[in-house]
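Protein chains: 2
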Amino acid sequence: MKAITFENQQVQLKPQEAVPTCGEGEALIRVLVAGVCNTDLELIKGYMGFEGILGHEFVGVVEACSDTTWLGKRVCADINAACGVCPVCVDEKNPHHCPNRTVIGILNHGGAFAQYVKAPIVNLVAVPESVSNDRAVFTEPLAAAFEIVEQRPIHPHERVIVLGDGKLGLLIAQVLSLSTPNVTLVGRHHDKLALLRPMGVATRNSREESLDDLQKSAHVVVEVTGTAEGLDLALNLCRPRGTVVLKSTVAEGKPLNLAPLVIDEITLLGSRCGPFERTMQALEAGKLQPEVLIQHRFPLEKGVEAIEQAAQKGTLKVLIECG
Amino acid sequence: MKAITFENQQVQLKPQEAVPTCGEGEALIRVLVAGVCNTDLELIKGYMGFEGILGHEFVGVVEACSDTTWLGKRVCADINAACGVCPVCVDEKNPHHCPNRTVIGILNHGGAFAQYVKAPIVNLVAVPESVSNDRAVFTEPLAAAFEIVEQRPIHPHERVIVLGDGKLGLLIAQVLSLSTPNVTLVGRHHDKLALLRPMGVATRNSREESLDDLQKSAHVVVEVTGTAEGLDLALNLCRPRGTVVLKSTVAEGKPLNLAPLVIDEITLLGSRCGPFERTMQALEAGKLQPEVLIQHRFPLEKGVEAIEQAAQKGTLKVLIECG
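Note that the protein sequences, when read in sequence, are chains G and P.
Sequential numbering of the first sequence, starting at 3, is according to the numbering used here.
Sequential numbering of the second sequence, starting at 3, is according to the numbering used here.
These are computed hints drawn from the structure, not numbers from a lab.
Any given hint might turn out to be false.
Remember, identical chains collapse to one label, so a pair may be satisfied in a single copy or spanning two.
[To be verified] Derived lysine to aspartate or glutamate pairs resembling DMTMM-like cross-links, with alpha carbons at most 25 Å apart: (1) K47 to D266; (2) K218 to E152; (3) K95 to E160; (4) K218 to D93; (5) K4 to D93.
All figures in this text were calculated on a predicted structure; none of them were measured in a lab.
With the hints as extra help, turn the sequences into a complete structure.
As structure tokens, this is what we get:
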């Protein structure tokens, strides 16, 4: 089968000898559409030391499965493949943090920029008929946004600020708007901020507008810029005893001043992957419009170009049509 | 009255023209004993831009008060003097974070290294007869330790690691031992670690013993070393979805790697001042032995020497006997 691989520091379209082999408890999925994520771009820079088939945001159709009820169904799949038998999986019921886990397209598990990908059956989530492929392909990053409210429920009276108008910031602002009408997205790009205003999200362009009136105002600030300056600003905008959610790894190399965290007793909450079921329910209910982020589409054969396009500064979602 | 002041970059014994003037709602307290805290040493280095009478850990006797029921009573006092009328005080019931607050001996409020100090009546806590001055003088830092369990209750089955065997680390390990038998204190000093072993606290000397077996083991790690290395280690010892409590400001100038916080979805919790009532109840119940930290005593006249002694590396608690 055809696949986009990262090997020996190189991204390429590389034919594979065979489709992935599925064992008991696994499903073989024919990939329909996949999305390029910033994590893919980080992997190409050396993050996690990954080598293999890239891609972890996808929607596809089950082609082979030991549980035949899944055959022919359109699905998304949680990317964390846990062992299911260790204390973290069994006692703590915390498979997303299984120390033996593989992660589709990220850690010891082939990815979805391919004609076929495999996933554990327990990871599958059926895509309802009313949810288009263009929406379903966003399930994984939307789930990462829902993880925030799983960890720290947000109430309708609370004020939320999302810092960063990149792909994930735009999805998070949408998802948190389901919990409170008081979401402000802070970014630096007119066109990106404009995408969310019709959805009732307030916006500020930090290049042009002061944020002084927002100081210590937010119950929850979500930092998605991935910069030390973003974290400083987040601590500044968060009210005492509020929560700053760290959704992307802050670039190393810059000292951080955590004194405000102690003085204002702020909770800094690391947040990663989230719940697929809850996300799919929200998509089915028509509450989210992630497809406004789609800017480019490439066939699998041009997957290398797709990734190059995604790496261009300012690009939102690039899709790879695999089948 | 006599007082130890920090003015023009200088710590000195400086006679004051008068005792503090008390308004409605305030009490004048004759100080019996005060303790030197690391925060005092930080203030002398320029922290908070403080000038005035130092000292915020103390026990004394009420000499004047508009509420006469307090007269003659032995008391400690919460150091955060809130305005009582702003939204943070009234709506959020969060006076410790009042934006208009003064803080005894730290922010726009004269301190307790003096014959007299004043405090709001609402801040007073009576010292039961069974609690000696040598124990009561630890109420403020012990309250800071109890703040941890106010913010993040600790259950008996949970494993806790305290990083740092300085004054605050030793008090925190004692206080958290009231919640769980599984507290390990990690430090670098035989003599300090030995102080807590009779209290049932496990200890590790990180200069001599490996911590490898503790990796990702703790539900809660309290970082009290105030170093970037300490925070790195704390993130390493904390289990996925666990909590790292940041109790002292991490020295600036060193880049921090917060990637483990995101990947392991760790909660980093800033923690400052705590509940005096709860602390006094624990002291009255005889559950804490903070006095094992006392190493030196100086009369108020030698308060400058007391602070110099406290600044010597490795010194635990230095007391100033004021009256």
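Hints, verified against the model:
1. Taking the closest pair of Cα atoms, K47 and D266 come within 25 Å of each other only across two copies (21 Å); inside a single copy the shortest separation is 36 Å, beyond that limit.
2. In the homo-oligomer, the alpha carbons of K218 and E152 lie at most 25 Å apart both inside one protomer (24 Å) and across protomers (22 Å), since each shortest distance falls under that limit.
3. In the homo-oligomer, the alpha carbons of K95 and E160 lie at most 25 Å apart only across protomers (16 Å), although the nearest pairing inside one protomer, at 30 Å, exceeds that limit.
4. Within a single copy, K218 and D93 get their C-alpha atoms only as close as 39 Å, which misses the 25 Å cut-off; across copies the closest is 15 Å, which meets it.
5. Taking the shortest Cα distances, K4 and D93 never come within 25 Å of each other, neither inside one copy (40 Å) nor across copies (61 Å).
Violated hint for the displayed structure: number 5, the only one.
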